[in-house]
Structure formats: C-alpha cells, structure tokens
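Sequence order for the protein chains is S and Z. Under this note's numbering, think of the first position of the first sequence as 1, with each following residue one higher. Under this note's numbering, think of the first position of the second sequence as 1, with each following residue one higher.
Careful: at least some of the hints might be erroneous.
[As the list claims (entries may be wrong)] Partial pick of chain S residues on the chain Z-facing surface, computed with a CB cut under 7 Å:
1) 6
2) 9
3) 64
4) 67
[Claimed, not checked] Capping the alpha-carbon separation at 20 Å, the derived lysine to aspartate or glutamate pairs in EDC-like fashion look like this:
5) 43(S) <-> 60(Z)
6) 95(S) <-> 73(Z)
7) 95(Z) <-> 46(S)
8) 95(Z) <-> 84(S)
9) 95(Z) <-> 27(S)
10) 11(S) <-> 80(S)
11) 95(S) <-> 60(Z)
12) 9(S) <-> 59(S)
No lab work stands behind these hints: they were computed from the structure. Positions of the beta carbon are idealized from the N, C-alpha and C atoms, including for glycine.
Protein chains: 2
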Amino acid sequence: MIATIVHVKVKKEHIEAFIRATVQNHEESVKENGNMRFDILQKGDDPTQFALYEAYVTEEFAAAHKHTPHYLEWKETVQEWMTEPREGVRYNAIKP
Amino acid sequence: MIATIVHVKVKKEHIEAFIRATVQNHEESVKENGNMRFDILQKGDDPTQFALYEAYVTEEFAAAHKHTPHYLEWKETVQEWMTEPREGVRYNAIKP
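With the hints as extra help, turn the sequences into a complete structure.
Right, dumping it as structure tokens:
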C-alpha cells in the first residue's frame, strides 16, 4: 500500500463548501479500483485545517486517481477556497 | 471516527528495530475494540521519517489504547531510537 497525506488549509468562509465538495470526491474515490483509504480529516484544534489520507494498493492505482472526473472536478472546485497551495506527502506503507 | 497522525523521526541505525517494534504494536492494536486504522507509513523520500495513522471509533477507544501492554511496551522500547520527541496531531474524521 502507498499513502499520501494531503494537507489543506481552507478559508474560514469556505469550510462548509470545501467539506461538501470533498465528501463528493470521497464517495467516488472509495469506489476506484485499488483504493484502500480516502479519509477526510479536520484538525481537532483548527477547523480550517484538513488532511486527506489517500491510500492505494499500488502507485499505478494512485496515479489513475488523478485522471478521474471526480478528482479533476474537486481540484478545480476547491482551488479558490484554500489559503495556500495544498501539500501532499507520500509514504510507503509497512502495514497494512 | 477520530484519528491521530503521529510523526516519528528515527535514528538511521535503528530503523529496522523501530519497524519491528512498531509492527508488533500494530498487530495487537488492530485487535483492540474500536480500532479502525493502525497504518505504519515510511516517508517516500526519507526512510528515517515515519507516520503512524491511528484511528478509533471514539475518543474513549483511542484513550484506552494508551493503557494497553503493547502500547506501553512500544513506547518504552522505541524511546531511545528517535532523534526528537514524536508529535501526534489529532483530527476528527468527516469520512468515514
């Protein structure tokens, strides 16, 4: 399994819309071949900070996600709602 | 679901031992009541950096983990292998 933690900072006034758009992305992403996780996390002490925890069986499945209509729509939709560019950190999973 | 991402930096010479000890902790932690995730992640571009992604159904289940023998043993075992104190970041999950 490979995993990416994507850190996103969202403008306060767009938190609700960001959650709605990201939940839509989640609902489709978990149906993708090779998807193992697509968890949407909101920071406990700062509701403007989110982490998306996305994990796939292989690199190929993760790469394919970037070409899906739901990912492309999400990327476009949320762009103006972030206070700075989102940052993805890539990990190799030891377990599972 | 609530989730904690624990960031750990490990001394190069202790990476293998750290992985072994953490896998043991993983094997027991996933059997705990209320556990949903206990993923061990190694950073793609820096094998000395790890993230533990631990998620539980509720705060109470997460708190109970801290009292288990396997957690206490892990905590003690890995202490000297880290280059700096580990840092846990707490999130509330929106999905799942």
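Starting from residue 11(S), check that the Cα of residue 80(S) is at most 20 Å away, please. 9 Å, holds
Please verify that hint: residue 67(S), Cβ, nearest Cβ of chain Z, below 7 Å or not. 21 Å, violated
Evaluation of the interface hint that places residue 9(S) against chain Z, nearest CB under 7 Å: For residue 9(S), the interface hint is violated, since the closest Cβ of chain Z sits about 14 Å away, which is over 7 Å.
Given hint residue 73(Z) paired with residue 95(S) - CA-CA distance at most 20 Å: 19 Å, holds
Given a cut of 7 Å on the nearest C-beta pair, is the interface hint for residue 64(S) held or broken against chain Z? Status violated, d = 18 Å.
Going straight from one Cα to the other, do residue 95(S) and residue 60(Z) come out at no more than 20 Å? Given pair residue 95(S), residue 60(Z) is violated - Cα atoms ~24 Å apart, limit 20 Å.
Starting from residue 95(Z), check that the Cα of residue 27(S) is at most 20 Å away, please. The given pair, whose Cα atoms are some 9 Å apart, holds under the 20 Å limit.
Measure nothing beyond the straight line between the CA atoms of residue 95(Z) and residue 84(S); if it is 20 Å or shorter, mark the hint as holding. 23 Å, violated
Below or equal to 20 Å on CA atoms is what counts here, so check residue 43(S) against residue 60(Z). Holds. Residue 43(S) to residue 60(Z) sits at ~18 Å (cutoff 20 Å).
Between residue 9(S) and residue 59(S), is the straight-line Cα distance small enough, at 20 Å or below? Cα-Cα ~26 Å, so violated.
Decide if the proposed pair is consistent with the structure: residue 95(Z) and residue 46(S), CA atoms, cutoff 20 Å inclusive. 17 Å, holds
Chain Z contact restraint for residue 6(S) - C-beta distance below 7 Å: Not OK, violated: residue 6(S) not within 7 Å of chain Z, min 12 Å.
The structure shown violates the earlier hints numbered 1, 2, 3, 4, 8, 11 and 12.
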